[in-house]
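Given the coordinates of chain A, assemble chain B onto it according to the supplied hints.
Residue numbers (the working numbering), protein chains in the order written: chain A, 1 to 341; chain B, 342 to 755.
No lab work stands behind these hints: they were computed from the structure.
All values reported here derive from a predicted model rather than from experimental measurement.
Each hint should be verified, as a subset may be incorrect.
[As the list claims (entries may be wrong)] In silico EDC-like pairs for lysine to aspartate or glutamate, Cα to Cα no more than 16 Å straight-line: (1) Lys-735(B) / Asp-646(B); (2) Lys-562(B) / Asp-266(A); (3) Lys-562(B) / Glu-314(A); (4) Lys-481(B) / Asp-721(B); (5) Lys-307(A) / Asp-558(B); (6) Lys-371(B) / Glu-681(B); (7) Lys-650(B) / Glu-546(B); (8) Lys-525(B) / Glu-546(B); (9) Lys-562(B) / Glu-533(B).
[Unchecked claim] Which stretches of chain B does chain A cover? Using the computed rule of at least three CB atoms under 8 Å from a CB of chain A, they are: (10) 567-573; (11) 585-595.
[Claimed, not checked] Residues from chain B shown here face chain A by an in silico Cβ test under 8 Å; the list is partial: (12) Gly-380; (13) Thr-553; (14) Gly-624; (15) Pro-737; (16) Pro-739.
The beta-carbon is built from N, C-alpha and C at its ideal position, and this holds for glycine as well.
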Amino acid sequence: MAAPSAALTARPTPVRISRNVRMGILAMLWVVAFYALIGPQQVANALTLGAIYALIALGYTMVYGIIELINFAHGDVFMIGAFVAMFLTTNVLGIHGSINDPIRLTVTLVIVFAVTMTATSILGVAIERLAYRPLRHAPRLAPLITAIGVSFILQNVALFLFGPASVNTPQLINPGLHLDLLGASVAYVNIFIFVLAIVLMFALNLFVGRTRLGRAMRSTAQDPQASQLMGVDLNQTIAVTFLIGSALAGAAGVIQGIYLGSAKWDFGFNGGLKAFTAAVLGGIGNTTGAALGGFIIGFLEVAAASKGYGRWSEAIVFSVLIAVLIFRPAGLFGQQIGERA
Amino acid sequence: MKFSKVAVLAATAALVFGACNATTGGKTLKIAIDLPLQGSDKAASDPIVNGVKLAIKEANAAGGLNGYTLTVDPILDDALNGAHDAQTGAKNMQTAVNDSAIGALIGPLNSSVAKAEIPITNKAGLLQCSPANTNEGLTKPQFGALDIRKDNPTKINYVRVVTTDDKQGPAAAQFAISVLKKTKAYVIDDTETFGKGIADNFVKEFGAEGGTVVARDGAPKSTTDYTALLTAAKAKGPDVVYFGGVTATGGGIIRKQMAQVGMADIPYIGPDGIQDGTVETSGTFLNIAGDAAKGSYSSLAAIGDFPAKKDFTDRYVKEYNVNPTGYSATGYACAQVVLEAVKQAVTKGGDNAALRESIRAYAVDPSHTYKTILGDIHFDENGDTSQLIVSFYKAPDPLKGDWVFDSQVDFAKK
Numbered sequence: 001m002a003a004p005s006a007a008l009t010a011r012p013t014p015v016r017i018s019r020n021v022r023m024g025i026l027a028m029l030w031v032v033a034f035y036a037l038i039g040p041q042q043v044a045n046a047l048t049l050g051a052i053y054a055l056i057a058l059g060y061t062m063v064y065g066i067i068e069l070i071n072f073a074h075g076d077v078f079m080i081g082a083f084v085a086m087f088l089t090t091n092v093l094g095i096h097g098s099i100n101d102p103i104r105l106t107v108t109l110v111i112v113f114a115v116t117m118t119a120t121s122i123l124g125v126a127i128e129r130l131a132y133r134p135l136r137h138a139p140r141l142a143p144l145i146t147a148i149g150v151s152f153i154l155q156n157v158a159l160f161l162f163g164p165a166s167v168n169t170p171q172l173i174n175p176g177l178h179l180d181l182l183g184a185s186v187a188y189v190n191i192f193i194f195v196l197a198i199v200l201m202f203a204l205n206l207f208v209g210r211t212r213l214g215r216a217m218r219s220t221a222q223d224p225q226a227s228q229l230m231g232v233d234l235n236q237t238i239a240v241t242f243l244i245g246s247a248l249a250g251a252a253g254v255i256q257g258i259y260l261g262s263a264k265w266d267f268g269f270n271g272g273l274k275a276f277t278a279a280v281l282g283g284i285g286n287t288t289g290a291a292l293g294g295f296i297i298g299f300l301e302v303a304a305a306s307k308g309y310g311r312w313s314e315a316i317v318f319s320v321l322i323a324v325l326i327f328r329p330a331g332l333f334g335q336q337i338g339e340r341a
Numbered sequence: 342m343k344f345s346k347v348a349v350l351a352a353t354a355a356l357v358f359g360a361c362n363a364t365t366g367g368k369t370l371k372i373a374i375d376l377p378l379q380g381s382d383k384a385a386s387d388p389i390v391n392g393v394k395l396a397i398k399e400a401n402a403a404g405g406l407n408g409y410t411l412t413v414d415p416i417l418d419d420a421l422n423g424a425h426d427a428q429t430g431a432k433n434m435q436t437a438v439n440d441s442a443i444g445a446l447i448g449p450l451n452s453s454v455a456k457a458e459i460p461i462t463n464k465a466g467l468l469q470c471s472p473a474n475t476n477e478g479l480t481k482p483q484f485g486a487l488d489i490r491k492d493n494p495t496k497i498n499y500v501r502v503v504t505t506d507d508k509q510g511p512a513a514a515q516f517a518i519s520v521l522k523k524t525k526a527y528v529i530d531d532t533e534t535f536g537k538g539i540a541d542n543f544v545k546e547f548g549a550e551g552g553t554v555v556a557r558d559g560a561p562k563s564t565t566d567y568t569a570l571l572t573a574a575k576a577k578g579p580d581v582v583y584f585g586g587v588t589a590t591g592g593g594i595i596r597k598q599m600a601q602v603g604m605a606d607i608p609y610i611g612p613d614g615i616q617d618g619t620v621e622t623s624g625t626f627l628n629i630a631g632d633a634a635k636g637s638y639s640s641l642a643a644i645g646d647f648p649a650k651k652d653f654t655d656r657y658v659k660e661y662n663v664n665p666t667g668y669s670a671t672g673y674a675c676a677q678v679v680l681e682a683v684k685q686a687v688t689k690g691g692d693n694a695a696l697r698e699s700i701r702a703y704a705v706d707p708s709h710t711y712k713t714i715l716g717d718i719h720f721d722e723n724g725d726t727s728q729l730i731v732s733f734y735k736a737p738d739p740l741k742g743d744w745v746f747d748s749q750v751d752f753a754k755k
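So that you can see chain B by itself, here it is in the shape it has in the complex:
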């Protein structure tokens, strides 16, 4: 009698446990996001958050993660007083690495923030996938990346699905010469790491492709009046203007003042830093430049025309009722990389710490190829994507809505 009682108890316990398991859908694992969610950066971050959430939601619904359910949690904000902030990013990484339930992290948006974050996630061995960082120094040893991942220089933890500024800058030069057919460039940058770096890359390639840089200037983001610089540049007769920087460091204001000094007809090209949302959103390049935005082009360091685009757009619109913009597709792709790594890693089992390590180890392995919506990609030994494509977008005409895809340059085929 006694024995059977115990058996019943055990059976009940097993039943209850099983039921519990069934209702929660197995074990859960957290995927964290870190992006600037305030001020002008918010317009660039929201599409990424949407992309990641969509990918995770679809994967959970489809099952196939070997009994695991993923949650997007926590969504960390690396902005301070309305602008992205490296120290806030570093603080967020401390939070993330100390939460053992977090299996991987997606973000950040800005290279300067990544530079402060990678040392922390690298030490802890937490996989980080960025949908938007383009600074070459974050990954490539010849640009000083070993200083950033000095705790585990060979056990990398940081990958990105966008290509780098040493591709983005030159791509703009090739676009100016072969698509726009322009040969005389005026180049101005915001004197910051990203802006000056990418402008330098543009200048080098523009010269190599047979163009002439008629003038080269730099003006810090505190500048409000660019008319003197632009008047001087106009006198040199450029037929294209390249700006190295972001909207917050003068991108839109320069374009606006170009119109004022009579340079509205000269095409204007900027990097991904000026592709930050629609005409109607306050604080974006298109909004600040206003009527002068016509004839402006911006690049994204990622593929713009991919086979799954139509399908992705449909699903995205169905979920959010807005069009996917900026880096929403790369956010989705980052989530796909993480999902695949999780799927493979959970078969090895182990506790949270072991799981985190197997996710990292699987994801960064150069021999693994990922089927993402951007196409099939793999990462090299530094964590850079094999897809070396930069795409170009044109300001909408008439001035309404978002940037319109124009063309793309593929460096892998060169």
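With the rest of the complex left out, here is chain A:
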């Protein structure tokens, strides 16, 4: 009689932790496997590229989780973020190259990230207010087409303001400074990007999991009507979702500019497409999934390029996506936030 009761009491183990541990182990195994496959230098490249995709993917997945809209304009918010950072550093702060003084560098980075993220979050909220909210009860195709339209508007605004060629962006952190780490010579800028992305993701996780607004977001994702009845302000919650998603896209834009030193009016399309793929791969609506999906795509692309299949990198990424969706239609990590398809 004692044995089954022990089994019963043992059953409700904290599922959340074991799930996170499992994911952590899987992620470690993944990195180690790639470390062996493509070498330490390329792992550093993959983690950096993956961090950018992951930050953009979070915005796609959060918006989809809440209002089931694929916000095609999100990639262009990322692009606008890169241009805001470019304009701020070169035209307002008058900086054209790297900064070697650590204190000045920190101050500049804080200013650039703060201003850019504020600007893109205002942009995101404005897009939601002007383009999506009036269509909230319209058939689903209407906001989708609107999103594509907003994407074109943003692209053309950037084309008009900054011209069709690549625009140089100051690489604030000197890309020539390297640190020897685990057999690779990793640039400080790569380390900075990875650490910053992880910090932002943890902050997002805490916000969604521990705050009132985060709880409102989760409940809205599950059932907007019921949560409204429980006193959740729907419009505010959706606006906050756009605000956070766009701020993260803005951060990704700053990062891209610092890392690669250029911004172009049409690069929101490619970044957006890869990030959207990452969100679907991870399970759209699931923030952890989107983040991991971003890293997975970063690794796949870098692995393809490093093995001489650069021409095929997009085909490889999308083949993996199709294969995953055949066996796991809800994505690798399922839908954590949204319960609806």
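The following block gives chain B in isolation, referenced to the frame of chain A:
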């Protein structure tokens, strides 16, 4: 009395007519230009427009066109939303062929645009001289040119004063091996017709000359992050990098990221598509690559060191207050070809349509030789120039101003 009145009237009329003729300088004929005049292409097109205008201006001032005055009109823009566009080029050609006062046309800049334009000008029999198109498929039947001029396959109307990519690519390979003394190449292209084609030509010749291609990649122009490709390439130990493509499809960004992964010391060679203006001009290769541009080379599919260069530069600077860059000399040479053809054609007389046809027929005739600033040239039966010279330019050091002429490879002497 009556009779004399008529005579006076007739005399007056003749006087007035003659005076009119004298003030307008005889009959006029229009020479059209078609080039992309927006965005990053503008930097490459402006020097050509200047070259053409200078040649026409000098010819008008010198007279000797058998009573004709030439005007550069209209200057058509084949760019759409800031980049060259084949359909816009085709539309411009419809405009040009329908304007009977246009005797000949100079342009375009891009081979992809030429491919859409030649069928239209070929059907109408309008002479077109390009100062910059290098794709071999535009003229040579073995590369499919007969499909482009299918309306009049034997009555060609398209000539060019630059040589072709089947020379430009191999020339870069010879330059890498014999001038730079490099034997291990990493080759990357932008996956487009021009870029991949010229990179393939480079690879073939580099192997034939005894070099080894250690890695070969392609990345579409939507690529923003080349670091993974470059890291992998660096591990293979190349001592020279060749890029097939143009600045707009990644030329400058690749060079910039090479510095980032520690390949700044490896020389970088690109085709004419990356030779698009000074360090100070926004959007050019030199501007985008920035400090990393040092050690970069670019080719032009035309002679770089010609006897009349000094004199041409002086006249050009006097007129425009800037140095002639890129394809300004070939623009001037195209205008010289057109001028000579016009001069000969107007002696035959006839209406505008007849004139247009005689200009075309004279210009494309392989037996005619033209004295241009590039040297004496003639065209073969496909409209390609007899001057098979590719020249190489080095990024300026210190980083200021424009590309600097380095050396040239002459295929006619091989």
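Checklist entry - So which of those numbered hints doesn't the model satisfy? => result Hints 7, 13, 15, 16 are the ones this structure does not satisfy, whereas the remaining hints hold.
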